[in-house]
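A.B. asks: For the record, the sequence lines run as chains A and B.
For the first sequence, position 13 (counting from the first letter as 1) is numbered 14 according to the working numbering, and the numbering increases by one without interruption.
For the second sequence, position 60 (counting from the first letter as 1) is numbered 64 according to the working numbering, and the numbering increases by one without interruption.
The set of hints was computed from the structure by calculation and includes no laboratory data.
A few of these clues could be false.
[To be verified] Simulated crosslink set (BS3-like; lysine-lysine; CA at most 27 Å straight-line):
{"id": "1", "chain 1": "B", "residue 1": "Lys61", "chain 2": "A", "residue 2": "Lys45"}
{"id": "2", "chain 1": "B", "residue 1": "Lys46", "chain 2": "A", "residue 2": "Lys28"}
{"id": "3", "chain 1": "A", "residue 1": "Lys28", "chain 2": "A", "residue 2": "Lys45"}
{"id": "4", "chain 1": "B", "residue 1": "Lys72", "chain 2": "A", "residue 2": "Lys45"}
{"id": "5", "chain 1": "B", "residue 1": "Lys67", "chain 2": "A", "residue 2": "Lys45"}
{"id": "6", "chain 1": "B", "residue 1": "Lys46", "chain 2": "B", "residue 2": "Lys83"}
{"id": "7", "chain 1": "B", "residue 1": "Lys46", "chain 2": "A", "residue 2": "Lys45"}
{"id": "8", "chain 1": "A", "residue 1": "Lys28", "chain 2": "B", "residue 2": "Lys63"}
{"id": "9", "chain 1": "B", "residue 1": "Lys72", "chain 2": "A", "residue 2": "Lys28"}
{"id": "10", "chain 1": "B", "residue 1": "Lys63", "chain 2": "B", "residue 2": "Lys83"}
[Stated by the list, open to error] Covered by chain B, per the in silico footprint, the following chain A stretches (three or more residues, Cβ under 8 Å):
{"id": "11", "region": "34-47"}
{"id": "12", "region": "67-75"}
[Claimed, not checked] What follows is a set of in silico ranges between Cβ atoms, one per label pair, in the way DEER data are often shown:
{"id": "13", "chain 1": "B", "residue 1": "His78", "chain 2": "A", "residue 2": "Met6", "range": "30 to 36 Å"}
{"id": "14", "chain 1": "A", "residue 1": "Val13", "chain 2": "B", "residue 2": "Pro84", "range": "32 to 38 Å"}
{"id": "15", "chain 1": "A", "residue 1": "Lys52", "chain 2": "B", "residue 2": "Ser11", "range": "15 to 21 Å"}
{"id": "16", "chain 1": "B", "residue 1": "Gln18", "chain 2": "A", "residue 2": "Gly60", "range": "46 to 52 Å"}
{"id": "17", "chain 1": "B", "residue 1": "Glu21", "chain 2": "A", "residue 2": "Lys28", "range": "36 to 42 Å"}
We put the beta carbon where it would ideally sit given N, CA and C, even for glycine.
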Amino acid sequence: NAGVMQNPRHLVRRRGQEARLRCSPMKGHSHVYWYRQLPEEGLKFMVYLQKENIIDESGMPKERFSAEFPKEGPSILRIQQVVRGDSAAYFCASSPRTGGPTGNTIYFGEGSWLTVV
Amino acid sequence: EDQVTQSPEALRLQEGESSSLNCSYTVSGLRGLFWYRQDPGKGPEFLFTLYSAGEEKEKERLKATLTKKESFLHITAPKPEDSATYLCAVQVDTGSARQLTFGSGTQLTVLP
Numbered sequence: 002n003a004g005v006m007q008n009p010r011h012l013v014r015r016r017g018q019e020a021r022l023r024c025s026p027m028k029g030h031s032h033v034y035w036y037r038q039l040p041e042e043g044l045k046f047m048v049y050l051q052k053e054n055i056i057d058e059s060g061m062p063k064e065r066f067s068a069e070f071p072k073e074g075p076s077i078l079r080i081q082q083v084v085r086g087d088s089a090a091y092f093c094a095s096s097p098r099t100g101g102p103t104g105n106t107i108y109f110g111e112g113s114w115l116t117v118v
Numbered sequence: 005e006d007q008v009t010q011s012p013e014a015l016r017l018q019e020g021e022s023s024s025l026n027c028s029y030t031v032s033g034l035r036g037l038f039w040y041r042q043d044p045g046k047g048p049e050f051l052f053t054l055y056s057a058g059e060e061k062e063k064e065r066l067k068a069t070l071t072k073k074e075s076f077l078h079i080t081a082p083k084p085e086d087s088a089t090y091l092c093a094v095q096v097d098t099g100s101a102r103q104l105t106f107g108s109g110t111q112l113t114v115l116p
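Only chain A is shown next, with the shape it has when bound in the complex (with noise of 0.2 Å):
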């Protein structure tokens, strides 16, 4: 399967403790970025990172959340001290370079259910 990977695909957490969640973006995509779907809600844009740069973390809360996409390895979405309110499905998202008549086409994962108890 070539298409965005994100794990765990669901994930529970007590107040307080941290969510880690990981994204390995499409074959050949250097784009990555990050969505929350909170419940009964559209999807939110967080935050948009190239390989060890974060290009726009507009959506992100200013607190407990960071994000990396590093030279190696996949992307990292990060919750400290994770609350209630932060329960939602995560999902990743890819594209390739700029450029050309598909260089802005998004595809996304499967996402990461986060549910905090």
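Knowing the structure of chain A, use the given hints to seat chain B on it.
C.D. replies: Okay, now just chain B, sitting in the frame of chain A:
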């Protein structure tokens, strides 16, 4: 502020009953309009990208069209397996920004 509004929120069709879903948008500088399909417990599945008014794209029973203010997703002779939530999203032309702004979706149910 960029806004995307989808209607109706929910739509129930009989198998074979064609219809259209609407996505109206207010943005400053449209780079692209995207349609996705999302099944329960799954991620959005890419369907189409439209870039300019007048553009049309087709895939099986689906056809997407774009004007300067809205997009339509036409479903011809739908089947039960077309049941899903259909999401519309816009990407605006602001330098390096590539984020998508999503509508709230239309939940389509096709009855056999």
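A.B. asks: Is 36 to 42 Å respected by the C-beta to C-beta distance linking Glu21(B) and Lys28(A)?
C.D. replies: 40 Å, holds
A.B. asks: Within 27 Å, alpha carbon to alpha carbon, are Lys72(B) and Lys45(A)?
C.D. replies: It holds: about 24 Å lies between the C-alpha atoms, which stays within 27 Å.
A.B. asks: Given a hinted range of 32 to 38 Å, is it respected by the beta-carbon distance of Val13(A) and Pro84(B)?
C.D. replies: 33 Å, holds
A.B. asks: What's the verdict on Lys46(B) and Lys45(A), does the C-alpha distance respect the 27 Å limit or exceed it?
C.D. replies: 16 Å, holds
A.B. asks: Between the region 34-47 of chain A and chain B, see if three or more residues pass the 8 Å beta-carbon test, and mark the coverage as holds or violated.
C.D. replies: With 7 residues closer than 8 Å to chain B, the region 34-47 of chain A meets the three-residue bar; holds.
A.B. asks: With the threshold set at 27 Å, check whether the alpha-carbon distance from Lys61(B) to Lys45(A) stays at or below it.
C.D. replies: 26 Å, holds
A.B. asks: Just to be careful, I want the Cα atoms of Lys67(B) and Lys45(A) compared with a cutoff of 27 Å; is the pair within it?
C.D. replies: 26 Å, holds
A.B. asks: Using the C-beta atoms of Gln18(B) and Gly60(A), is the stated range 46 to 52 Å upheld?
C.D. replies: The hint (46 to 52 Å, Cβ to Cβ) is violated, given that Gln18(B) and Gly60(A) are roughly 40 Å apart.
A.B. asks: Hint check: Lys28(A) vs Lys63(B), CA-CA at most 27 Å. Holds or violated?
C.D. replies: 24 Å, holds
A.B. asks: Is the listed coverage of the region 67-75 of chain A by chain B valid when you require three or more residues with a beta carbon under 8 Å from a beta carbon of that chain?
C.D. replies: violated (count 0)
A.B. asks: Given the hinted pair Lys46(B) and Lys28(A), is their Cα-Cα distance within 27 Å?
C.D. replies: Measuring from Cα to Cα gives roughly 20 Å; hence the hint holds.
A.B. asks: Between Lys28(A) and Lys45(A), is the straight-line Cα distance small enough, at 27 Å or below?
C.D. replies: 24 Å, holds
Hint compliance for this structure: hints 9, 12, 15, 16 are broken, all remaining hints hold.
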